[in-house]
Amino acid sequence: MTGLRVDGLRVSFDTRRGPVRVVDDVSVEVARGRTLGVVGESGSGKTTLGRALARHLPVNGRVLDGRITVDGTDVLALSPRDLRTWRARELAVVHQEAGATLDPSMRVGTQLAEVLGQHDVARDARRGRVRELLTAVRLPDPDAIARRYPHELSGGQQQRVVIAAALASRPSLLILDEPTTGLDASVEAEILALLEDLRRDLDATVVLISHDLGLVGQICDEVVVLYAGQVVERGTAADVLTSPRHPYTAALLASAPTFGVPRRQRRLLAIPGAPPDPAAPPPGCRFAPRCAFADDTCRTDAPVARVVDGRTVRCHHAEVLDLTATARPGAEAPVPRPGSLLQIDGLTRRYGAHAVVDDISLDIAPGEVFGLVGESGSGKTTLARAIMGIGPRSGSGTLRLSGNVLAPALRRRGGAVLRRMQMVFQQPDTTLNPSHRVRTVLARAHETLHGTDSIETLAGRAQLDDALLDARSTDLSGGQKQRVAIARAFAGSPDLVVCDEPVSALDVSVQAGVLEVLADERDRTGTSYLFISHDLAVIGYLADRVGVMYRGQLVEVGATGDVLSGPHHPYTAALVLAARRRDRRRSATPPARAATATGCRFATRCPHHLGDICAERPPPLRAVTDGHQVRCHLPIDQLPKGTA
Amino acid sequence: MTRLLTRRLVAIPVTLLAVSVLVFLATEVLPGDVARTVLGREASDASVADLRRSLGLDEALPVRYAHWLARFVHGDWGTSYTLKVPVRELVLGRLGNSLLLAAFAFLLLVPIALGLGLLAGLHHDKPTDRVISVVGLALGATPEFVTGVILLVVFAVQLKWFPASAQANPGAGLLVRLDHLVLPAVSLVLLCTGYVARHVRASTVAAVESPYVRAAELRGASRSQVVRRHVLRNSTVPATSALGVQAQFLIGGLVAVELLFNYPGVGALLLQSAIDKDLPTLQAAAVVLGLLYMLIMLLVDVTYRLLDPRLRREVPA
Amino acid sequence: MADHAHPFTPSRRGFLAGAGLTGLSLLAAACSSGTPPSSGSSEATAPAGAAKRGGTLRVGTPAPPTSLDPVTMYDGSAIGIVQLVADYLIWLDPDFTLVPRLAQSWSAGPGNKVWTFVIRKGVVFSDGTPLDAKAVKASFDRLLDPKAKSAALSAFDGILAAGGVSLRGEDTVVFTLERAFSDFPYLVSAGNYNAVILKSDYAGNFAKNPIGTGAFLLKSYNASTGATLVRNPKHWETAKPYLDGVQVKFYADSQAEQIALQSGDLDALIITDPSVILATGDVVLDKVSGTAMTAFTLRVDKAPFDKKEVRQAIAYALDRPGVNQSIDNNIGQLGNDHLFAPLFKAAPTGIAQRTQDADKVKQLLSSAGVDKLSFTLTFDPPSKSYALVIQDQLKQVGIDVKLDQRSSSEFYGGDQAKDTPWLFTDANLVGWAGRAVPSQFLGPMVTSKGVWNGSKYANPALDAALTAYDAGSSEDVRKKQAEIIATALHEDVPVILSIWNGSVRAYNKTKFTGIKAHPSTYVDFSSVSRV
Amino acid sequence: MTAVQVRPVAVATDVSLPPTARRRRPIALVVGGMLVGGWVLVATFWPYLAPYDPQRQHPTLRFAAPSGAHWLGTDQFGRDTFSRMLAGARPVLEIAPLATGLALIAGTLIGLLAGTCGRWVDEVIMRVLDAVLVFPAIIASILFVAMLGRSVTVLVIVIGLAFVPIVTRSVRAATLVERQKPYVEAALLRGEPLWSLMLREILPNISRTVLVEATSRLGDAIFAAATLSFIGLGQQPGSPDWGASVSDNRAYLQNAPWTVLSPALAIASLVIGVALVADSLRARLDAR
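Line by line, the protein sequences are chains C, D, F and E.
Quick note: the first sequence uses my numbering, first residue -12, plus one each step.
Quick note: the second sequence uses my numbering, first residue 22, plus one each step.
Quick note: the third sequence uses my numbering, first residue 4, plus one each step.
Quick note: the fourth sequence uses my numbering, first residue 608, plus one each step.
Note that these hints are calculated values from the structure, not bench results.
Computed from a predicted structure; not experimentally measured.
Treat the hints loosely; a few may be bogus.
Think about it this way: if two alpha-carbon atoms lie no more than 30 Å apart in a straight line, the pair counts; the simulated BS3-like pairs of lysine-lysine are [said to hold, decoys possible]: (1) Lys237/F <-> Lys452/F; (2) Lys398/F <-> Lys365/F; (3) Lys55/F <-> Lys514/F; (4) Lys519/F <-> Lys124/F; (5) Lys222/F <-> Lys105/D; (6) Lys202/F <-> Lys124/F; (7) Lys150/F <-> Lys105/D; (8) Lys105/D <-> Lys202/F; (9) Lys512/F <-> Lys181/D; (10) Lys311/F <-> Lys452/F; (11) Lys222/F <-> Lys150/F; (12) Lys482/F <-> Lys311/F; (13) Lys363/F <-> Lys459/F; (14) Lys137/F <-> Lys105/D; (15) Lys105/D <-> Lys387/F; (16) Lys181/D <-> Lys365/F; (17) Lys222/F <-> Lys311/F; (18) Lys55/F <-> Lys512/F; (19) Lys140/F <-> Lys243/F; (20) Lys365/F <-> Lys387/F; (21) Lys243/F <-> Lys137/F; (22) Lys482/F <-> Lys222/F; (23) Lys363/F <-> Lys105/D; (24) Lys55/F <-> Lys181/D; (25) Lys105/D <-> Lys398/F; (26) Lys181/D <-> Lys514/F; (27) Lys305/F <-> Lys222/F; (28) Lys421/F <-> Lys105/D.
Generate the whole structure from the sequences, applying the supplied hints.
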């Protein structure tokens, strides 16, 4: 039987606290040529499963029992020598951190040649073959790329080189472990399109491991949902996504914001609690403690995987549950108050000669959530730090808080001003002082920002129960840490909180919880947010107005609904297209144009390029409606509109 | 890269100037009187005062420093107050001796330390690794004059395989001179190997457990292929900084070995001229040593950047 | 005779039989095989019959702290090297008898105030110019000229002044003294080590143009490493030297010299520290008694040593044979707290030798009203061993000594009239090289106007006795004055003299013979030859 | 400081090994601990352990070979070598910890300041450190000996100051890493004063670096103390200090090797003990 078949796989790790069963009785079957999606949040064991398939567990990992057969070969029984030939002939793996899997001290071309060497390609034929591979993964000017070192390529280019390496070995089993996490939406779209083509001409079995249910639904034929090391639901992608039979799958879908659906329309539902400790799984169903439908039987005896409605589900009440009703009704957001809380005009900040933030002007009204979206390198973080008075100081432009001028450097701002502006950061693991307890973190903020509410009230507002106050900050989960960070920011009841990608490092189920805390705080105190994200769905969910940044400039500003639906700037259109992911047409790769210093910065990638005018003359800022401006040469009526 | 070079090259003269000022002030405070040291205790105070005047010692401090600096920059390093020989030949001669010993020890050190480090790294946590680490650690912690004394007892006095003094008769050939340097060089190598081997071992282990080596294994490469193609280069490059630190020690820190093996190096000269308050010699030795010390620091940084492609060009952050 | 050179080439490359010796077993062997040093080996007598010519003597010595300049030199190494190259009017034998060298003969005028010296004929400098009276006069005028800053100036102080030297004919020099001085020949002999005879046009850089009348020529001199000397073909004693040359190597300290001697790197030493260099294996020590000593000076003008009893208590606390054993390897002679060494002819013998007496110490201290005596002893590195012995011995009788070691340049630095540590600290140890005549110690150290009177002792009776002693011509007159001086010093104890150091020179007996020790560590290798 | 270049035995910022689950067998820690513990006991109780008074001289017993009466023989003054070796432990174990303490406190504060302030403060501090590193340690040692006389304090100051640049560099490196992290920037944005950023926010999180520096510098301090006394800049003569003993007795290598080998092996055993303890501590810290 061709393809991949896994029966009753159990993998455990020896840790200081004894053996921990990370993968527990996983059975899966995929025909050759089809794609299996493995979905799970952090700690679900999905990566371990991937490594077990390649029989490349870390030094302290052991396969307890189970069989893995790929096109008939029992992988676990292979001798070391046969294992090496099997890996060379039949297997290819693409990791999340592609750049790290390239040897930093060797040129990219030499490394690819080495892979080809593995397949006895004659030495003189390798250079030509390398050029073919690089072209196959759509890398412009393959000879130049071949001579470069890995650190000289962008994230997207590195990922393509690794895929080229996978291509070279013409594998029968291709394992993709979070291939596009951390890449920008537009780059992700191109990589996924590339993987799509790869799958067709390789006729290989593909296993895609990801935390992103939407992505898996779009790419894969079949889906497996993992929770705490067990398969809770398995079936075709269409069934699992549209009508999930397991409460966890349903909860995952309910907690993910969908593009274009604001909070007013549907409030996200976070999954309470946290995944169980793998060393001591709870009795009965592992999801019981967090499941809305759990009853005594769920808490006592473990459910067995049963086929229900064409799907294998590990739940006692799969047939009975009505999971569609889990969505929560919308909540009316307060209207932003008139006037201007924060006014930025002509703000420019430079690293050396390179202007990372270039002449940006915008206004944030009191009580307003202003969304700022843009890819990595667009300067959105530098703008946020400039507002807070940290980061590079060379540059011009003025900041005004409720009318009076703000000193560009933090040191020169008075204590009162500091209290009115606070910031929430992206990385949960380093946002709290690792050697402080939660109570100390909040107490310090309370003391320095002269807070009025008690520590307990601050914690309660961030949905943190009092027991957590005495925990060490390192023992908290990612979501809990971000919520403490928010409570800390609100200790001095600020007027403006700058949130720099507050949820992008969190699992989807936890993301919803944090967004709710932010929304509740805004509703209660009328604080304004500058909410920065690269994810249009999250921006669409929370922001009143949104600004789109491209290479240091604001290319579009307006009400969230208008900007997302269109007519909008061609760059916004590209972002929307990538965010909706439904459009399977491969976006025609625009002809590579040289970037010019004066013209529109998006000219190099713009499908609606009007020739010299775009290349030479900087585009004017034109109003689509009074609150909605676009920086583009296209007349308003020709601006692209979002597809229905 | 060039920005780093210019910044560091500019820093060198500034630091050396600071050092020379510090040395000048220090000798002013140091006890003892060089004129007395020259004439001995039985010379009369009048002759001592007369000599001090002729050496210009009673001029104001800044004036003396200015004179010294002006002449020093033009290559006139002055004559030693006590030994009455031109300071330049004296210091450069002694430095030559120290460099010869340091170079000889360094040539022995590089292959031994790199070899042991690699061996320990590849057999991570196995007996060979434990033995190499512990022995390297122990020898690295033992002062060079202790190992030197033991080497002397065994090889010079008992077995008479090597001469006890590191100083060959003038005019002896290079081989004879090296033969005299074997014992001091060995005691230095024993001291420095542990430190460098530890660095190489750490980077070898990091390379072996790195994503790119695991990816190579996943592509079916055998262990020896992986070691040859990926581990070797990535583990020896970081060793340059460790070797650089030892090179600096070998130049400046040899006083104990020079005393023990009676070797006229620059370390011993520095000690003696400081005790005798022979200012011109002391200044010249301090400046030359400082210059050499900083040049090695720079050389290490530059080679490190050249060898590691990631740092080759100053990629804007 | 067949050249059966003693096959003493170290078997460097030969592996030992059963070469399985690991490092540790060697260490064990090293521990047990050390033989305790024999206390005094027999005097190596020079072989009778014709000495073997040729060979280069390898000699070790500490690097001279100053340049090689006969006029201002004061340390043993520089003196040793210069004595190989230049010569004196009169040489001093190990028992201080005067040996005519460049002076053929000399005679004193009435009242020992005018001395005439006849210069030896036929002597030629190493560059060929003949030696004449003019060169001798120039050499002494140079020493007497204050601008030359010579240490000899203080030796002639009050005896011979600038202009006191005149010529009479080609080969006679006349010295007219300020005051009668019966021991004057010693002052122009090797006893006054700066008094070497150089060419009249000597301009001061001896290392560059080393022209002298000595047995060797200085071929090269390097302040860091050493000096190379070869036979002087024009030496006036045609038969000597037997050696082809001398290779001088500088050593950081005596410990390094000892190692070099034992491992065969060296054949002999110029300066030998008896407390470090030991006679073991092929290394033997040639011994001779001398007049070198370390003065343990106590300031009599301030507490705690202003009372005579306290000073005497310390004198009685010292175990003099123990001192001799620990720091002079038992080759010194016991001192009796006065400056007349047994070697001096005029040394009085009537004074009872002071020995350690704990009860007398307690009795003396209580009579001085001092219950717990403690003081600080200042010294420089060469006297370290003696300081440790004093500290330990005094501790046995309850006297607490705190040691304060200073570097030599600090110890002798500062203003000699106001604050130099060696003349102004309460108690200090000052090492003195051997002197030919007692007045060279007595005058500067214990007379009230003495230029190096560290104890600040002032005793007019002693001053008068010394002047009389100097002027006295007959032996019994000088003996009587010496008796007065010695008794006064013995009683008042401004300076404690526990031992007179013997002088030692270590050499390797298997390669060279004829190497002699000298009371003032002077060097005369002209009669050294291969074994 | 060059000449005596005070040599870093182990650089604190070793590439920390990936945390392997298996624990290292603790032999190194046990052996190291016994060596160090043994010498610490000797240093405290040597008066009761030493068979003779280490300073007592016996002129008639000079260079006696190891025997029943004198286990490790006697030296040039007839003093018992074994008692002197025991007594010699105290000065070393007084100087090294004090010097390390001085270096740690000064180095940590300066490193924190340089890392936290950045900009010109950091630049100035680093330039000064370069100058100090380049300044010959010998001159500094002679300077202090001249001004303060020969004593334990001088050695503590000289060795302590010689290590300040090394400690500062590694503390600064660790501080720079923490300084970029959001929890420090949050404190900054709250308006926390500089000292609070340094001591309350960053210091607790670089304690691992400080601890590793402590153990590595302790080994170096013993090494430096022995070397300084060996070249004659140590304490007053007569002190049983090991470094000085090796220096004084090395002339008797052949005929009385026990006088020089016993202090030499004592130094080696103590420094090796400290190095073993430091290494296992560092490994444990990495594993966590």
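Proposed proximity, Lys137/F with Lys243/F (alpha carbon, max 30 Å):
holds (26 Å)
**Asked** Is Lys365/F close enough to Lys387/F, meaning Cα to Cα at most 30 Å?
**Response** Status holds; Cα separation ~27 Å.
Notebook entry, point to check: Taking 30 Å as the top limit, are the C-alpha atoms of Lys482/F and Lys311/F close enough?
Noted result: Status holds; Cα separation ~26 Å.
Task: Satisfaction of hint between Lys105/D and Lys150/F, Cα-Cα up to 30 Å - done: holds (18 Å)
(Q) What's the verdict on Lys222/F and Lys311/F, does the C-alpha distance respect the 30 Å limit or exceed it? (A) Violated, at roughly 55 Å.
Next on the checklist: Lys55/F and Lys514/F were given as a pair; does the straight-line alpha-carbon distance stay at or below 30 Å?
Outcome noted: holds (11 Å)
Take the C-alpha atoms of Lys398/F and Lys365/F, compute the straight-line distance between them, and say whether it is at most 30 Å. holds (13 Å)
Practice prompt. Below or equal to 30 Å on CA atoms is what counts here, so check Lys181/D against Lys514/F.
Written response: holds (18 Å)
Checklist entry - Going straight from one Cα to the other, do Lys363/F and Lys105/D come out at no more than 30 Å? => result violated (53 Å)
- Message: So if I understand the rule, the pair passes when the alpha-carbon distance is 30 Å or less; does Lys105/D with Lys398/F pass?
- Response: violated (45 Å)
* Proposed proximity, Lys452/F with Lys237/F (alpha carbon, max 30 Å) -> Violated, at about 46 Å.
Please verify whether Lys512/F and Lys181/D have alpha carbons no more than 30 Å apart. holds (19 Å)
Taken one by one, the earlier hints fail for this structure at numbers 1, 16, 17, 22, 23, 25, 27, listed in ascending order.
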